[in-house]
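From first to last, the protein sequence lines are chains A and B.
For the first sequence, our numbering gives the first residue as 1, with consecutive numbering after it.
For the second sequence, our numbering gives the first residue as 1, with consecutive numbering after it.
No wet-lab data here; the hints were simulated from the structure.
Source: prediction; values computed, not measured.
All C-beta atoms, glycine included, are put in the ideal place defined by N, C-alpha and C.
Just to be clear, a hint being listed does not mean it is correct.
[Said to hold, decoys possible] Computed cross-link-like contacts, SDA-like style, restricted to lysine to any residue with a CA-CA straight-line distance of at most 25 Å:
1) B:Lys-100 to A:Lys-62
2) B:Lys-142 to A:Lys-62
3) A:Lys-62 to B:Thr-11
4) B:Lys-72 to A:Lys-62
5) B:Lys-142 to A:Gln-35
[Unchecked claim] Which stretches of chain B does chain A cover? Using the computed rule of at least three CB atoms under 8 Å from a CB of chain A, they are:
6) 11-21
7) 60-69
8) 98-110
9) 125-139
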Amino acid sequence: MDMDRSDSGKPPSKPHTVPPPQGRAPEDAFDLWLQRGLHQLYDSVAAEPIPPELLRLIEADKTRDKT
Amino acid sequence: MPNEFHGQLITLLPRLRVQALALTRNRAAAEDLVQDAVANALAAQNSFTPGTNFAAWMHRILRNRFISTLRKQRETTDIEDLPAGAFAVSATHEDRLILKELGQAVNRLPADQREALFMVVLQGMSYEDVAEATGCAVGTAKSRVFRARRQLQTWLMGEESTGQGRTSDAQDGRERRAGVGEHNLFA
């Protein structure tokens, strides 16, 4: 996922971090940061290959249905 | 038609994996949960009506399997078990620390809130889809996501927690459809 690097990885509006992007309410800025952070953490999970044994389980059932 | 059922199942596997991780917070347990849910679905495929919402049907099976497993054994999950990919991306040290903090905060959420948050934010599901997939009212699905976001903001922004993130669905209505034990897991 292409993320805007200009906001870095920091959550918005923390006293010691950069302020939220111009024109965005704090809640919107946090939601945007949260969305990016969650994608960064978990997108790789969905992208990993499906375990072969799981595919074999499904294929075996499909084959059994045909017989 | 067997091919359509099995094809839909294979297509849905990545989403099931994300849902399983949201519920278990543990990679190995998530893989096991997906496999168990798939086995359950294959055994019950005759109960699925072709043309209806397959994804919702399958998500419900996985969720019910998770609840059933927890009833049998009170497993503790490793809240430190974050996806390895979190640190595989090119990021500064501070970015990695913040991501780790986010991951730990997410793992502290009640399972139903985390599950709903993942479905909406990561998978782009509508609240209606989330409600159907998790067996709750649309308002409850919205509330779960709202509370999850609010609780994360409270934790991560360094504000005092009001404890409201731990409220159960009972405070939002009477849409409880899960079985015994869910209140222990999801509040």
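To see whether the hints hold, each was checked on the structure:
no., hint, verdict
1, B:Lys-100 to A:Lys-62, "41 Å, violated"
2, B:Lys-142 to A:Lys-62, "37 Å, violated"
3, A:Lys-62 to B:Thr-11, "15 Å, holds"
4, B:Lys-72 to A:Lys-62, "31 Å, violated"
5, B:Lys-142 to A:Gln-35, "16 Å, holds"
6, 11-21, "holds (count 6)"
7, 60-69, "violated (count 0)"
8, 98-110, "holds (count 5)"
9, 125-139, "violated (count 0)"
When held up to the earlier numbered hints, the structure conflicts with 1, 2, 4, 7, 9 and fits the remainder.
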